[in-house]
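Protein chains: 2
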Amino acid sequence: MLDRRRIAAAALDLADQQGTLTIPALARALGVAPSALYHHVSGRDEIISLMREELIITTSCDRDWSQPWPQALDKWTRGYLAAFTAHPRAVPLLATTPLAEPCIHAVYEEVAELLLTSGFAKDQIMPMITALESFTLGSALDSIAPPVMVSDVAREKAPHLAIALDHTPTDQQRAQAAFDTGLQALLTGFAALLPDHHTP
Amino acid sequence: MLDRRRIAAAALDLADQQGTLTIPALARALGVAPSALYHHVSGRDEIISLMREELIITTSCDRDWSQPWPQALDKWTRGYLAAFTAHPRAVPLLATTPLAEPCIHAVYEEVAELLLTSGFAKDQIMPMITALESFTLGSALDSIAPPVMVSDVAREKAPHLAIALDHTPTDQQRAQAAFDTGLQALLTGFAALLPDHHTP
Numbered sequence: 001m002l003d004r005r006r007i008a009a010a011a012l013d014l015a016d017q018q019g020t021l022t023i024p025a026l027a028r029a030l031g032v033a034p035s036a037l038y039h040h041v042s043g044r045d046e047i048i049s050l051m052r053e054e055l056i057i058t059t060s061c062d063r064d065w066s067q068p069w070p071q072a073l074d075k076w077t078r079g080y081l082a083a084f085t086a087h088p089r090a091v092p093l094l095a096t097t098p099l100a101e102p103c104i105h106a107v108y109e110e111v112a113e114l115l116l117t118s119g120f121a122k123d124q125i126m127p128m129i130t131a132l133e134s135f136t137l138g139s140a141l142d143s144i145a146p147p148v149m150v151s152d153v154a155r156e157k158a159p160h161l162a163i164a165l166d167h168t169p170t171d172q173q174r175a176q177a178a179f180d181t182g183l184q185a186l187l188t189g190f191a192a193l194l195p196d197h198h199t200p
Numbered sequence: 001m002l003d004r005r006r007i008a009a010a011a012l013d014l015a016d017q018q019g020t021l022t023i024p025a026l027a028r029a030l031g032v033a034p035s036a037l038y039h040h041v042s043g044r045d046e047i048i049s050l051m052r053e054e055l056i057i058t059t060s061c062d063r064d065w066s067q068p069w070p071q072a073l074d075k076w077t078r079g080y081l082a083a084f085t086a087h088p089r090a091v092p093l094l095a096t097t098p099l100a101e102p103c104i105h106a107v108y109e110e111v112a113e114l115l116l117t118s119g120f121a122k123d124q125i126m127p128m129i130t131a132l133e134s135f136t137l138g139s140a141l142d143s144i145a146p147p148v149m150v151s152d153v154a155r156e157k158a159p160h161l162a163i164a165l166d167h168t169p170t171d172q173q174r175a176q177a178a179f180d181t182g183l184q185a186l187l188t189g190f191a192a193l194l195p196d197h198h199t200p
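Protein sequences appear in the order of chains A and B.
Here the first sequence is numbered in full-length UniProt numbering, starting from 1 and rising by one per residue.
Here the second sequence is numbered in full-length UniProt numbering, starting from 1 and rising by one per residue.
Don't take each hint at face value.
A pair counts as met if it fits within one copy or between any two copies, since identical chains are not told apart.
As the list claims (entries may be wrong) - Derived lysine-lysine pairs resembling DSSO-like cross-links, with alpha carbons at most 30 Å apart:
#1 Lys157 <-> Lys122
#2 Lys122 <-> Lys75
#3 Lys75 <-> Lys157
The set of hints was computed from the structure by calculation and includes no laboratory data.
All figures in this text were calculated on a predicted structure; none of them were measured in a lab.
Produce the entire structure from the sequences given, and follow the hints as far as they go.
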C-alpha cells in the first residue's frame with residue numbers, strides 16, 4: 001500500500017543513491033505508475049517536503065525545550081546533523097526548497113520562544129537559527145567528504161598544514177571534531193550577543 | 001580552443017544549470033567529442049578539481065595573510081561565500097570531492113601558519129578550518145533557498161516565530177544577515193579557544 005510516509009522514505013533512498021529525484025524514477029522504485037503517486041502528492045515539491053518532514057519527525061518534533069538555550073540548541077543541532085548525515089546526498093535537495101511543513105514551523109516556534117525569552121533581540125532569532133542550519137547542512141556534506149591526507153601534501157611546501165594534519169583524525173572522528181568545534185564556537189558567539197553578556 | 005580553464009568554466013555553468021555533471025553533457029556544451037575532453041583531463045574527478053580551482057583562483061590564492069587572524073579569517077570566509085554563491089548548484093559537487101589542488105593546499109598552509117602562530121593548538125586548526133568551510137557551504141545553499149515567509153505561518157499557532165519573521169528581511173539581506181551572524185559567532189567562539197583568552 002502506498003502512503004505518504006512510504007513515498008517519503010523511498011524518495012530519501014532514491015535521492016541518497018542518485019543525488020537527485022524525479023517522479024518517474026520514484027514511481028519505478030515504488031513499483032507503481034506515476035499516476036498512482038499523484039493520488040497522494042501534488043508533485044515533486046510536495047515529495048521533497050514529505051522527505052524533510054520524515055527526517056524532522058524522527059529528530060525534532062518531540063524535543064524537550066525546557067533546558068537552558070545553549071543545551072537546547074546543542075541537542076537540536078546534533079539531532080539535525082544525525083538526520084542529515086544519514087541522507088547526505090539528499091541534503092542539497094532538502095536545503096533549497098521552501099520550508100512549509102507544519103511540524104517544522106512548530107519546531108521553529110519552540111526555538112524562537114526559547115531565544116526570545118532568553119533575551120535575544122527579535123532581529124537576531126532567524127539569523128541565529130539559519131546560521132545553525134547552514135552550519136549543520138555543510139557539516140552533513142563534509143561528513144561524506146574524504147579527509148585531506150597529510151600524504152597528499154608536500155611537507156616542505158606546506159609545513160604548517162602538515163603539522164595540523166598530523167594532529168587531525170583520518171576516520172569519522174575528523175568530521176565529528178569539526179562539527180563539535182564549530183557548534184561550540186557558534187554557541188559561545190551567540191552568548192556574546194546577549195545584552196547582559198560580560199565581555200572580558 | 002579547448003583548455004583546462006575553459007573546461008572548468010563550462011563545467012561550472014553546466015553544474016549550475018543541471019545540478020550535476022556528466023562527461024557527455026559537458027562535451028556537448030563545449031561542442032566537442034568526449035574524446036577531445038580526455039586530451040586535457042583524466043576524467044570527472046579532475047574536472048571537479050578544476051572547477052574548484054577555478055573558483056579558488058578567483059578568490060583566495062592572492063590573499064593578504066598579514067592581518068590579525070580574526071580579520072584574515074573573516075575576509076577569507078567572505079571570499080569563499082562569494083565564490084560559492086555565484087555557483088550554488090555546483091556546491092554539493094564541490095563539497096564532497098577530495099581537495100587535491102596545489103592552490104588550495106597553499107591557502108590551507110597560509111591559514112594553518114596564521115592560526116598556529118596566533119596560539120591555537122595543533123589539533124584545533126583543521127576542525128576550525130573545516131567548521132568555517134561547512135558553514136560557508138551551507139550558507140551558499142541557504143542563499144538560494146526561499147525565505148520562510150510570515151504569511152506562510154499560522155500566527156496564532158506560532159506567535160514567537162511570527163515576531164521573529166516580522167523582524168527578518170525577505171530579500172537577499174536575509175541570507176546575508178544569517179551569514180554575518182554566524183561568521184561573527186564562529187570567530188568569537190574561536191577566540192575563546194585561545195589559552196590566553198579571559199572569560200568573564
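Problem - Intra/inter-copy verdict for Lys157 and Lys122 if alpha-carbon distance must be at most 30 Å - result: between (48 Å within a copy, 18 Å between copies)
Practice task
Have a look at Lys75 and Lys157 and pick one of within, between, both or neither, based on CA distance no larger than 30 Å.
Solution key: between (41 Å within a copy, 24 Å between copies)
Problem - Status of Lys75 relative to Lys122 across identical chains (alpha carbons, at most 30 Å) - result: both (22 Å within a copy, 27 Å between copies)
Going through the hint list in order, the structure satisfies each hint without exception.
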